[in-house]
Amino acid sequence: MKLLRTELLEAAEFLPGQWLHSYDAAALAAGAHAGQFVHVRTPDYSGLVLRRPFSINTYDRLEGRITLHFRITGKGTEWLARMRAGERLEMLGPLGRGFEVASRSRHLLLVAGGLGMAGVRSLADEAIAAGRQVVVLFGAASASEVYPSSMLPDEVEYVVATDDGSFGHHGRVTDLVPRFEAWADQCFACGPTAMLAAMAELARGRDGRLGVARLGRRGGPRQAPLSSAQARRRSWLQVSMEQNMGCAVGACLGCVVMGVNGPQRVCREGPVFAADEIRWAGWP
Amino acid sequence: MTGGVEQRAVVDLSVDLGRGLELRNPLLVASGTFGYGVEYGEVVDVDRLGAVCSKGTTLKARIGNAPPRVTETPAGMLNSIGLQNPGVEAVLERYAGRWAGWEVPVIVNVAGESVEDYVAVTRRLDGHPGVAGIELNISCPNVGRDGLQFALDAGSAAQVTAAVRAATDLPLMVKLSPAAPDVRAIAKAIEAAGADSISAVNTLSGMALDRVRRRPLLGNTYGGLSGPALKPVALRVVYEVAQAVRIPIVAIGGIGALDDVLDFLLAGAVAVQVGTAVFADPLLPVRLAEQLEEWCRREGVTSHRDIVGGALPARRDRPSIKGVEYRP
Numbered sequence: 002m003k004l005l006r007t008e009l010l011e012a013a014e015f016l017p018g019q020w021l022h023s024y025d026a027a028a029l030a031a032g033a034h035a036g037q038f039v040h041v042r043t044p045d046y047s048g049l050v051l052r053r054p055f056s057i058n059t060y061d062r063l064e065g066r067i068t069l070h071f072r073i074t075g076k077g078t079e080w081l082a083r084m085r086a087g088e089r090l091e092m093l094g095p096l097g098r099g100f101e102v103a104s105r106s107r108h109l110l111l112v113a114g115g116l117g118m119a120g121v122r123s124l125a126d127e128a129i130a131a132g133r134q135v136v137v138l139f140g141a142a143s144a145s146e147v148y149p150s151s152m153l154p155d156e157v158e159y160v161v162a163t164d165d166g167s168f169g170h171h172g173r174v175t176d177l178v179p180r181f182e183a184w185a186d187q188c189f190a191c192g193p194t195a196m197l198a199a200m201a202e203l204a205r206g207r208d209g210r211l212g213v214a215r216l217g218r219r220g221g222p223r224q225a226p227l228s229s230a231q232a233r234r235r236s237w238l239q240v241s242m243e244q245n246m247g248c249a250v251g252a253c254l255g256c257v258v259m260g261v262n263g264p265q266r267v268c269r270e271g272p273v274f275a276a277d278e279i280r281w282a283g284w285p
Numbered sequence: 403m404t405g406g407v408e409q410r411a412v413v414d415l416s417v418d419l420g421r422g423l424e425l426r427n428p429l430l431v432a433s434g435t436f437g438y439g440v441e442y443g444e445v446v447d448v449d450r451l452g453a454v455c456s457k458g459t460t461l462k463a464r465i466g467n468a469p470p471r472v473t474e475t476p477a478g479m480l481n482s483i484g485l486q487n488p489g490v491e492a493v494l495e496r497y498a499g500r501w502a503g504w505e506v507p508v509i510v511n512v513a514g515e516s517v518e519d520y521v522a523v524t525r526r527l528d529g530h531p532g533v534a535g536i537e538l539n540i541s542c543p544n545v546g547r548d549g550l551q552f553a554l555d556a557g558s559a560a561q562v563t564a565a566v567r568a569a570t571d572l573p574l575m576v577k578l579s580p581a582a583p584d585v586r587a588i589a590k591a592i593e594a595a596g597a598d599s600i601s602a603v604n605t606l607s608g609m610a611l612d613r614v615r616r617r618p619l620l621g622n623t624y625g626g627l628s629g630p631a632l633k634p635v636a637l638r639v640v641y642e643v644a645q646a647v648r649i650p651i652v653a654i655g656g657i658g659a660l661d662d663v664l665d666f667l668l669a670g671a672v673a674v675q676v677g678t679a680v681f682a683d684p685l686l687p688v689r690l691a692e693q694l695e696e697w698c699r700r701e702g703v704t705s706h707r708d709i710v711g712g713a714l715p716a717r718r719d720r721p722s723i724k725g726v727e728y729r730p
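Top line first, the protein sequences correspond to chains A and B. For the first sequence, the working numbering gives the first residue as 2, with consecutive numbering after it. For the second sequence, the working numbering gives the first residue as 403, with consecutive numbering after it.
Don't read these hints as lab results, they were simulated from the structure. Any given hint could be a false lead.
[Claimed, not checked] Far from chain A, some chain B residues (derived; all Cβ distances over 10 Å):
| id | residue |
| --- | --- |
| 1 | G422 |
| 2 | R450 |
| 3 | E518 |
| 4 | R617 |
[As the list claims (entries may be wrong)] Over 10 Å on every C-beta distance to chain B, these chain A residues come out as not near it, computed from the model:
| id | residue |
| --- | --- |
| 5 | A12 |
| 6 | W20 |
| 7 | L21 |
| 8 | R62 |
| 9 | I73 |
| 10 | W80 |
| 11 | R83 |
| 12 | R89 |
| 13 | L90 |
| 14 | H108 |
| 15 | E158 |
| 16 | G206 |
| 17 | Q231 |
[Stated by the list, open to error] The calculated label-pair distances, taken between Cβ atoms and stated as ranges, are:
| id | chain 1 | residue 1 | chain 2 | residue 2 | range |
| --- | --- | --- | --- | --- | --- |
| 18 | A | H171 | B | D612 | 26 to 34 Å |
| 19 | B | G621 | A | E202 | 18 to 26 Å |
| 20 | B | G499 | A | E156 | 47 to 55 Å |
| 21 | B | G499 | A | S151 | 50 to 58 Å |
| 22 | A | T74 | B | E696 | 35 to 43 Å |
| 23 | B | I709 | A | D25 | 37 to 45 Å |
| 24 | B | G443 | A | H108 | 32 to 40 Å |
| 25 | B | P634 | A | G18 | 30 to 38 Å |
For each residue, glycine too, the CB sits at the ideal point set by N, CA and C.
Assemble the whole structure, with the sequences as input and the hints as a guide.
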């Protein structure tokens, strides 16, 4: 965890209201892993009191850069979108626990809803670099919000669903998952909570649908403690969660989501969780 | 000036909060915003703080309130953590060892639902290595009326303060609520019951709405307001309390710059706690201590204590800049 001033190198509005920022932030890129985030300081404490958390969209250790992908949703992102190249931004990071990929996983299924792409985007880079095969399923309201395929690595297979059918599959991105669930060794999802809850439901029934045999030692496989890195690597579905955040270092207990073992801090135990760590009941 | 070497005036920023609780500077971090002092890791050098006030600690573990628990509001934020904590036993087991190795005093914030709760937690903390003092949280707005009752009624405030006083020789700070109709009466009762210092203020109950879903935004409906929006309220409370008691006052409420620190000193506080602003700038408390020292030097005062109460109406005796002496 570092606290440092970064410089905005490039800013581009690549979709209406959606921005990609590239920052000179070698100390952050050096320690970053897919699924982690940065906590960005706002310019005027008396106006915008809280920092804003953003997924590390991509990182490049050689160039010493990270990118952030955001949509203008309020005063914080309005201000961020007005920043110009050369201006500076203070970031705290990299923060949180990222995705856990099992060493034997060859086929990764990434499922993103809207801005959730920023949560899984760097995992595509990491997986391709490690020689894995990657399918990205992406869902948006309509064609005007579809993440451009040109911004993904060439090696990725990219499948799109839109709610209004204006591009790709007409329906939810989760409709596409059953086509790939037998192929995928692991699945990683980021998006609206309702989408993640639907993914968790799909994952729960997966073994039954696929007829996956529960092999293992007599007495069942050894259980790794819930939320340990080992347990997460064994989990078919990992989800990147979002919550209103205060400190982002685990001090204020503001950003919790309810887990099966009680409140879980998105900033510390997360933002990535194994799907079975989360208490999904009660979500739409 | 001799030999071209400028003499740097010595500035004394130390603070005496009574019963041997001496701080190297008047910049504390407020309870709930700094966890147990360990979370910011190497980003913040805790030994350069005046003191660390821990997250609210209760007898048994508490799971806290339903999320969402925080939201930004105009010039402030709301929180409704609901005193989530692992309980005093686990807190001591996990953190007290590290506290004992620090130079900075750790003041454990104690919360409860009954006098017996407060006393039981206090007894557990009493004499424990690493625990430098107790801040009695009788003013949390996020745990129902039970959490606040002790801070709104002078009799209840005195009762819980006296019971805790009888249970420990640790330095005892009691945290006031800005919601009390007459904070002066509460403060006087707390002082008479044996508190060594007063911290003021806790958050003020408020709420925010989710307009799209047409319901309260926070999982707990209500949350405590903090940040710059709370400062004028906190300043009024400190100003009133400083005229009512003789024990030292530690101000809390929207401190984000040196001007805020100076305001609270002039209103009668001898030290301040930085809370919400730590989220935006974890290095702020340490920097404010440096700026205060520089300010004193520039103004030609030997200690920040020289300006404490400078804005209060004239009176024969000035507010306290020193805790009461302790004779066992």
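Consistency of the hints with the structure:
Here G422(B) stays apart from chain A, with its beta-carbon at least about 28 Å from theirs, past the 10 Å limit. With a minimum CB-CB distance of about 15 Å to chain A, R450(B) clears the 10 Å threshold, and the non-interface call stands. Non-interface status of E518(B) relative to chain A is upheld: no Cβ of that chain comes within 10 Å, the nearest being about 25 Å off. Interface exclusion of R617(B) from chain A stands, the closest Cβ pair being 13 Å apart, more than 10 Å.
With a closest Cβ-Cβ approach of about 23 Å to chain B, A12(A) is found to remain outside the 10 Å limit, as its non-interface label requires. Taking the minimum C-beta to C-beta distance to chain B, about 20 Å, the non-interface status of W20(A) holds against the 10 Å cut. With a minimum CB-CB distance of about 24 Å to chain B, L21(A) clears the 10 Å threshold, and the non-interface call stands. No Cβ of chain B comes within 10 Å of the Cβ of R62(A); the nearest lies about 21 Å off, and the non-interface call holds.
Taking the minimum C-beta to C-beta distance to chain B, about 16 Å, the non-interface status of I73(A) holds against the 10 Å cut. With 10 Å as the threshold on Cβ separation, the claim that W80(A) sits away from chain B holds: the shortest Cβ distance comes to roughly 13 Å. The beta carbon of R83(A) is kept farther than 10 Å from every beta carbon of chain B, the shortest such distance being approximately 18 Å. For R89(A), the condition that its CB be more than 10 Å from all CB atoms of chain B holds, with the nearest at approximately 15 Å.
Look at L90(A): its CB is around 13 Å from the nearest CB on chain B, clear of 10 Å, so calling it non-interface holds up. For H108(A), the non-interface assignment is confirmed: its Cβ lies about 34 Å from the closest Cβ of chain B, beyond the 10 Å cut-off. Every CB of chain B is more than 10 Å from the CB of E158(A) (nearest about 35 Å), matching its label as outside the interface. Under the 10 Å C-beta cut-off, the non-interface status given to G206(A) relative to chain B holds; the minimum distance is some 27 Å.
With a cut of 10 Å on Cβ distances, Q231(A) stays outside the contact zone with chain B, its closest approach being about 23 Å. A C-beta distance of roughly 30 Å is found between H171(A) and D612(B), which places it inside the suggested range of 26 to 34 Å. Checked against the hint of 18 to 26 Å, the C-beta distance between G621(B) and E202(A) comes to roughly 23 Å, which is consistent with it. Taking the beta carbon of each, G499(B) and E156(A) are about 50 Å apart, inside 47 to 55 Å as hinted.
Distance hint check for G499(B) and S151(A): the Cβ-Cβ separation is about 54 Å, which falls inside the suggested range of 50 to 58 Å. Evaluation of the 35 to 43 Å hint for T74(A) and E696(B) yields a pass: the beta carbon distance comes to about 40 Å. Taking 37 to 45 Å as the suggested C-beta distance range, the pair I709(B) and D25(A) conforms, at roughly 43 Å. Against the hinted window of 32 to 40 Å, the Cβ-Cβ separation of G443(B) and H108(A) comes to about 37 Å, which satisfies the hint.
The beta-carbon spacing between P634(B) and G18(A), approximately 37 Å, falls within the hinted interval of 30 to 38 Å.
No hint from the list above goes unmet by this structure.
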